[in-house]
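Chain by chain, the residues:
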Amino acid sequence: DVKVTQSSRYLVKRTGEKVFLECVQDMDHENMFWYRQDPGLGLRLIYFSYDVKMKEKGDIPEGYSVSREKKERFSLILESASTNQTSMYLCASSLSFRVRSNQPQHFGDGTRLSIL
Amino acid sequence: KNQVEQSPQSLIILEGKNCTLQCNYTVSPFSNLRWYKQDTGRGPVSLTIMTFSENTKSNGRYTATLDADTKQSSLHITASQLSDSASYICVVSGGHAGKSTFGDGTTLTVKP
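Protein sequences, first through last, are from chains A and B.
Per the working numbering, the first sequence runs over residues 2 to 117.
Per the working numbering, the second sequence runs over residues 179 to 290.
Worth flagging that the hints you see were computed from the coordinates, not collected in a lab.
No experiment lies behind these values; they were computed from the predicted model shown.
Cβ coordinates follow ideal geometry from the N, Cα and C atoms, glycine included.
You may find that some hints are simply not true.
Claimed, not checked - Have a look at the derived ranges for each label pair, beta carbon to beta carbon:
1. A:Glu70 <-> B:Ser261: 32 to 42 Å
2. B:Ala257 <-> A:Pro40: 40 to 50 Å
3. A:Tyr11 <-> B:Val223: 20 to 30 Å
4. B:Ala246 <-> A:Glu23: 32 to 42 Å
5. B:Gln200 <-> A:Asp110: 38 to 48 Å
Using the sequences plus the hints, can you model the full thing?
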């Protein structure tokens, strides 16, 4: 069965800290995604990666960076955390990102991050 | 701008009743539309997917419809159960580079 694992369910950090959120998938998927989910705003794409060492900005990349050194692992980095980055962060993976691909995204259970 | 709008924002029904959730979109060009179910504290899980040529798709008690001409979709839940309490998210893929646009979701509460 498909599994996407996020390293922490809950995380509390302080303003200005560098924060790492880790995501691992065991399905040999090409594509991985980082979203944040806020009430009333739905899921918004931060960054995605379609291959090892490749990354593309999503809709809201400011204040974030990502790293994909291995196919199964995709890390989200908050370089200097701020209170407006308090949110639920969801990682996802999919087999293919090609247009008209019908492959679903498989999501982890999320990391609820609080920045104090 | 690609948008996906869902209604209602929230819904409360009694166990055993049916309900219908709506999704309107402006994504163009269109590739596919997917409904996800997100239980509290969990990530979204795919329920159904429909492409341009499909107008109905069922998954157990869940039936999704698509009208590509009016750019509307609905998710019908039959004989609701307590476990159906969740957020239901409509996602439309297509547009520039096949990106996915997410709706804000409808929160369904099923009461005994």
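Verification of the supplied hints:
1. A:Glu70 <-> B:Ser261: 32 to 42 Å: Holds: the Cβ-Cβ distance is about 39 Å, inside 32 to 42 Å.
2. B:Ala257 <-> A:Pro40: 40 to 50 Å: Taking Cβ atoms as reference, alanine 257 of chain B and proline 40 of chain A lie about 30 Å apart, which means the hint is violated.
3. A:Tyr11 <-> B:Val223: 20 to 30 Å: holds, 21 Å
4. B:Ala246 <-> A:Glu23: 32 to 42 Å: Check passed, 39 Å falls within 32 to 42 Å.
5. B:Gln200 <-> A:Asp110: 38 to 48 Å: violated, 27 Å
When each numbered hint is compared with the structure, violations occur for hints 2, 5.
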